[in-house]
Amino acid sequence: MTLQAVRPRDTTKLPQRIQAAGVYIAIAALLVFNLAFTPHFATVTNLRLQLVQVVPVAIVAVGMALVIATEGIDLSVGSTMALAAALIPLYIGYGVWPAIVVALAAGLAMGLASGWLVAFAGMQPIIATLGLLVAGRGLALVLADGRLVELFDPTLGALGNSAVLGVPVSVLIVIGVAVVAGVAMRRTAFGRRVLAIGGNRSAATLAGLPVKRTLVTVYAVSGLLAAVAGVLSTARQGASDPSFVGLLIELSAITAVVVGGTPLSGGRVRIVGTLMGALLMQLITATIIQHNLPDSTARMVQAAIIVAAVYVQRGRSAA
Amino acid sequence: MTTAAVRVRAVSKRFAGVRALDGVSLDLYPGEAHALVGENGAGKSTLIKLITGVHHPDEGQVCYLDEPVLFAGPREAQAAGISTIYQEVNLVPMRSVAGNLFLGREPTNRLGLISFRRMNRQAREVLRRYGITADVRRPLGELGLGVQQMIAVARALSTDARVVIMDEPTSSLEPREVDRLVEVIELLRRQRIAVLYVTHKLDEVFRVCQRVTVLRDGRVVHSGPVAETTRLRLVATMLGRDVADVREHGATSFSEQHQAAAGELVLRAEALTRRPLLDGVSVDVHAGEVVGLAGLLGSGRTETAKAVFGADPVDSGSVRVGAEARASAGAKPARRRWSPAAAIRRGIGMVPEDRGSEGVIGELSVRDNIVLAALPRLTRAGFLSDRRQDALVDTFVKRLRIKASSPDQKVRELSGGNQQKVLLARMLCLYPKVLILDEPTRGIDVGAKAEIQALIDELAAQGLGVLLISSELEEVVEGSDRVLVLRDGAVVGTLRGTEISEDRIMQAIAAGGEERP
Numbered sequence: 001m002t003l004q005a006v007r008p009r010d011t012t013k014l015p016q017r018i019q020a021a022g023v024y025i026a027i028a029a030l031l032v033f034n035l036a037f038t039p040h041f042a043t044v045t046n047l048r049l050q051l052v053q054v055v056p057v058a059i060v061a062v063g064m065a066l067v068i069a070t071e072g073i074d075l076s077v078g079s080t081m082a083l084a085a086a087l088i089p090l091y092i093g094y095g096v097w098p099a100i101v102v103a104l105a106a107g108l109a110m111g112l113a114s115g116w117l118v119a120f121a122g123m124q125p126i127i128a129t130l131g132l133l134v135a136g137r138g139l140a141l142v143l144a145d146g147r148l149v150e151l152f153d154p155t156l157g158a159l160g161n162s163a164v165l166g167v168p169v170s171v172l173i174v175i176g177v178a179v180v181a182g183v184a185m186r187r188t189a190f191g192r193r194v195l196a197i198g199g200n201r202s203a204a205t206l207a208g209l210p211v212k213r214t215l216v217t218v219y220a221v222s223g224l225l226a227a228v229a230g231v232l233s234t235a236r237q238g239a240s241d242p243s244f245v246g247l248l249i250e251l252s253a254i255t256a257v258v259v260g261g262t263p264l265s266g267g268r269v270r271i272v273g274t275l276m277g278a279l280l281m282q283l284i285t286a287t288i289i290q291h292n293l294p295d296s297t298a299r300m301v302q303a304a305i306i307v308a309a310v311y312v313q314r315g316r317s318a319a
Numbered sequence: 001m002t003t004a005a006v007r008v009r010a011v012s013k014r015f016a017g018v019r020a021l022d023g024v025s026l027d028l029y030p031g032e033a034h035a036l037v038g039e040n041g042a043g044k045s046t047l048i049k050l051i052t053g054v055h056h057p058d059e060g061q062v063c064y065l066d067e068p069v070l071f072a073g074p075r076e077a078q079a080a081g082i083s084t085i086y087q088e089v090n091l092v093p094m095r096s097v098a099g100n101l102f103l104g105r106e107p108t109n110r111l112g113l114i115s116f117r118r119m120n121r122q123a124r125e126v127l128r129r130y131g132i133t134a135d136v137r138r139p140l141g142e143l144g145l146g147v148q149q150m151i152a153v154a155r156a157l158s159t160d161a162r163v164v165i166m167d168e169p170t171s172s173l174e175p176r177e178v179d180r181l182v183e184v185i186e187l188l189r190r191q192r193i194a195v196l197y198v199t200h201k202l203d204e205v206f207r208v209c210q211r212v213t214v215l216r217d218g219r220v221v222h223s224g225p226v227a228e229t230t231r232l233r234l235v236a237t238m239l240g241r242d243v244a245d246v247r248e249h250g251a252t253s254f255s256e257q258h259q260a261a262a263g264e265l266v267l268r269a270e271a272l273t274r275r276p277l278l279d280g281v282s283v284d285v286h287a288g289e290v291v292g293l294a295g296l297l298g299s300g301r302t303e304t305a306k307a308v309f310g311a312d313p314v315d316s317g318s319v320r321v322g323a324e325a326r327a328s329a330g331a332k333p334a335r336r337r338w339s340p341a342a343a344i345r346r347g348i349g350m351v352p353e354d355r356g357s358e359g360v361i362g363e364l365s366v367r368d369n370i371v372l373a374a375l376p377r378l379t380r381a382g383f384l385s386d387r388r389q390d391a392l393v394d395t396f397v398k399r400l401r402i403k404a405s406s407p408d409q410k411v412r413e414l415s416g417g418n419q420q421k422v423l424l425a426r427m428l429c430l431y432p433k434v435l436i437l438d439e440p441t442r443g444i445d446v447g448a449k450a451e452i453q454a455l456i457d458e459l460a461a462q463g464l465g466v467l468l469i470s471s472e473l474e475e476v477v478e479g480s481d482r483v484l485v486l487r488d489g490a491v492v493g494t495l496r497g498t499e500i501s502e503d504r505i506m507q508a509i510a511a512g513g514e515e516r517p
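Chains A and B, in that order, give the protein sequences. Quick note, the first sequence lines up with residues 1 to 319 if you use the UniProt record's numbering. Quick note, the second sequence lines up with residues 1 to 517 if you use the UniProt record's numbering.
Calculated from the structure, these hints are not laboratory results. From a predicted model like this one, the values you see are computed outputs, not experimental measurements. Treat the hints with caution; some may be incorrect.
[Stated by the list, open to error] As a list, the in silico BS3-like pairs of lysine-lysine whose alpha-carbon atoms are at most 30 Å apart: (1) 49/B x 212/A; (2) 410/B x 49/B; (3) 212/A x 410/B; (4) 433/B x 398/B.
[As the list claims (entries may be wrong)] Listed below are several chain B residues computed to face chain A (Cβ distance under 8 Å; list not exhaustive): (5) 116; (6) 357; (7) 358; (8) 364; (9) 382; (10) 384; (11) 455.
For glycine and all other residues, C-beta sits at the position ideal for the given N, C-alpha and C.
Excised from the complex, chain B in its bound form:
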């Protein structure tokens, strides 16, 4: 066997006495894509940071090309040939595509000034090599997130990397962009580059990688060829559960039978239009019903959610809740200012797609984050009642099993899954009639994901109407009673009961495409 590009030998790392990694070893060979999986808090990020020199191991050793190394930081690691592509695209949105590709190493002319012509020409070459179509002179921020991510990949690769670490690179990519990324990884492997691929998505492990290492609680619990394992076994090792147990419950934690939705109408959104993003989308949700919104990135899923919740302005359309929705057959909707505050008062709750920038308030405590939307109900003459706050927080921390050292802990210190639960609690403590969940399980660990999926079922069983958006087809299929398929800002198909399957959804999306001239 060839020598490893990166060899991690029995590293341990503690943070303030807490063991983040405990005797972890990992070999990464040239030409392989090696999956690193595990729940949040399993130690994946810490391991990456040890390899790239952000942290140094307390015990053990990291070897690069058979030499023990101790990089001073990611920059030094990058110079040595270890590139990292992070989950969030960390480029400069105001600069051009070419400017980003060559950030910090712009080609210069004889006067030492940036030669834009050469830079743009080289940038076009780079993009062509990776099959990205984009105008290299346009500001990066004008492009879609997916393309931005591809450019981040291209940037990392154009630095003569021998090792590429990808931290959940597909979390904001559309399926066809994922396809492209997979091709790029194939290309890298042929060039004998070693790829460490961190992901939450098991599909990608089997599609992209040759070997897989599973971390749990800072230890390696499994490491071996992908071909010799199964999805089920991986899920089981990540969760530390029995294979039989997982099989019984399925890969998602939605219960299998959904009762045919029989509740009364709780939400009627009609002809929501916001050009060019939304074109006459209508959605009805009944009590106890989970309505899934399926579609590709940019198909109008999030835009629909935001329009219903009043977070984005619409050109036309109406949203009615509860008794008003039921009485509305043909009635002219009252013209009023629609805003998140109004939506919340009427009984709509929303957990937004982007947990960090639109959801949690990191500097505030778990308690303050949970009660935020319920403040008007917890005050008397403007003063907050500690007793009522604590009772509410206590109820929901227990019910959602939010793991925090205390309600006073700052939310930014919690794991992604627990932050998501805090956001759910913030909306659930308002006892809404309708709850809009935009990517409720994106980027959170398998355990929390399962809990949230089970919770959605439970809430629907108790009569809550749920509008569920997810880019994971599996989640929409297993979680919904009815699925609306969106494309280009319009509903192109409705699936009910047994009609709901991944195939049918994909067919609806594809059929929608054929109708276009």
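Extracted from the complex, chain A is given alone in its bound form:
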């Protein structure tokens, strides 16, 4: 006798759906508010500006989402951006592309270093990447001698400011990164490994998964994406500014990931949600600035949102 005691289990899905939709609802509400009350909001120039401004956070946040999915965290991303930015003026003499390759390689190296510390040296991710946060920006400042360097390279400028069919190149890069990350997480063995490690690392090890290699890869990807963000920021500003580029971006990226519905406890990831989380933070800042409130207000609102997002996650996992 087989008792097929199949119980309906739709109960957990409704609150999850509301939580998943939360970021979209918030974005929609902010758009409606701005369309109604903010002058010059619904102009192509302004909308494009919003998108371009969100690029660095969005790219960094995608890498951060993968790291967080393994139950880790990467605080070194801002310093990696600075390191990438500092290297460009040093190598631009060999051409723009060699300089960019060097910058990206530096990002990869930073990521490999954090990955090694976490996976092989067994350090806590927050400590390992905190170390690299300090070391990375220090190295960047030494390399750049602490100065801002203006860059007048037309190719670099185009990377930062040109558009294809009206869509800025940097925005296209974000979309490309997100698509690749999304497909990798959903459709590949790599993605499954990442989620398994975040969900239960011992179980992943006992299932024979290459846990350490996967962790190193994830941090390497995060480092590489941070370098991409550093290059794009430098290109858009037309200047390498290692003192300030990427400063505190790790916090915005973590916020974007969490607000987008990826739990800090690992095992689950939302790539599109992460992009939306980044966009939401950008819209909040824009709204507040355009209504002549100080930037610090935007930070407080962001803080409230991250607390709320984590609170909602907590409620769900306790249920």
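Put chain B on the given structure of chain A with help from the hints.
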């Protein structure tokens, strides 16, 4: 008759339209140990949660000392005198034993600071009363699980409880610790405390309890004095089966005759040593053979399994699988890095002891959990093939009769038995030569237990070599073709065929003990 300490009257509880409890009544009297048994999903946990105020009944009423009560939560229930001891020890491993005993109600001195001297002295008194030997200043986490469990019991009792609910308190205890717990329960009964004893182990029902209530599918199917029932009848009521049917199949579901293992050698582990846990353990497993590892908690059973599977490092020793094992007489083993990944590639599978923390990945679906170890075989250029995944998952869900609403259901929503089946499926879909099963039926319901035991037989009949670890002697005795008895990290006896009996195993363990100076 005295008035009941707890009286549950016709309670019903639904979760999202699903009936978890349906008109359940239960009286718990001072001075009695009352067994609550039933398969997983029968409603035992829900009933406990209704009594302790975690949930409130939709219908019916819970009375405590003849007053209808609706506790706001376990804390309030505890303050009123209903203590609960959970299956997993929920104490703070980093704090001292005394700190745990008095967690949240530490004795203070005149300045309002914790008085460690008084706390330690009182803690020693408490431990002495329950016959526990442990240094009260040591961190709890350094002690064995069994002692931790006893301390959890002592903590629950030192709060002036009138009712103690124990949820499978013996699942991680050694036999002599169980003895101690039984003594403690006797002590409680003499103090007129009511004990509600939730268990999967029928032995304990007869040993510990005076009355028993059986739940099935949210209803009470039997309630009465233990003396008036039999093991067989209890099993039958829990399963909803005929007594005759159970008798025919035995208490475990292993078939009675095991063919003498004749298959070729598939696993040879030699002189595995990992000080101080393992001291030169050698294990051979042949195709179609079930080799049982028996021994007390901490005797090296799990450590042997983990060493063979590469999950824990060893100081020395070798593991060889398949043709390599057969060709190895005297050959020097190749030195290589041994890891779970390497073991799996060579054809060893393992279902670990701790299902929750080392087995399932709760957030992932049934499908993702099953295919986890088989990922390399299901991908082309790194991309997963849905078709091949689904075919594999479908095969094993059907074969093991995994009850899930769909392969997309999250594993954490499944019952313990079904989670265990998911783990078995994860290893079986690799078609291993040897399967290591560490406590494959611990903490799962009787039905799933029977299915898994029958499955082990079936797999062995098909030529799989099985290394079976179980703390239930009965399971090792009935399931194994050969039994290795471990003690203090070494093999102290080997039993074959008709030699295998609970008595002989216990003798081997005891004899091993006498050899010690």
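For the hint on residue 384/B, just tell me whether its beta-carbon gets within less than 8 Å of chain A.
6 Å, holds
Holds or violated: residue 455/B as interface residue toward chain A, Cβ cutoff 8 Å?
Not OK, violated: residue 455/B not within 8 Å of chain A, min 14 Å.
Distance restraint between residue 410/B and residue 49/B, which requires alpha-carbon spacing of 30 Å or less:
Cα-Cα ~23 Å, so holds.
Can we keep the residue 364/B interface hint, with Cβ of chain A closer than 8 Å?
With a closest approach of 6 Å, the residue 364/B hint holds.
Would the pair residue 212/A and residue 410/B pass a check requiring their Cα atoms to be no farther apart than 30 Å?
25 Å, holds
Was the hint right that residue 357/B lines chain A, CB cutoff 8 Å?
6 Å, holds
Does residue 398/B lie within 30 Å of residue 433/B when you go C-alpha to C-alpha?
22 Å, holds
Hint status (Cβ of residue 382/B to nearest Cβ of chain A, threshold 8 Å)
Interface hint status for residue 382/B: holds (5 Å vs cutoff 8 Å).
Per the CB criterion, is residue 358/B less than 8 Å away from chain A?
4 Å, holds
Residue 49/B and residue 212/A: Cα distance at most 30 Å?
41 Å, violated
Should the interface hint for residue 116/B be scored as holding, given a Cβ-Cβ cut-off of 8 Å against chain A?
30 Å, violated
Checked against the numbered hints given earlier, this structure breaks hints 1, 5, 11; the rest are met.
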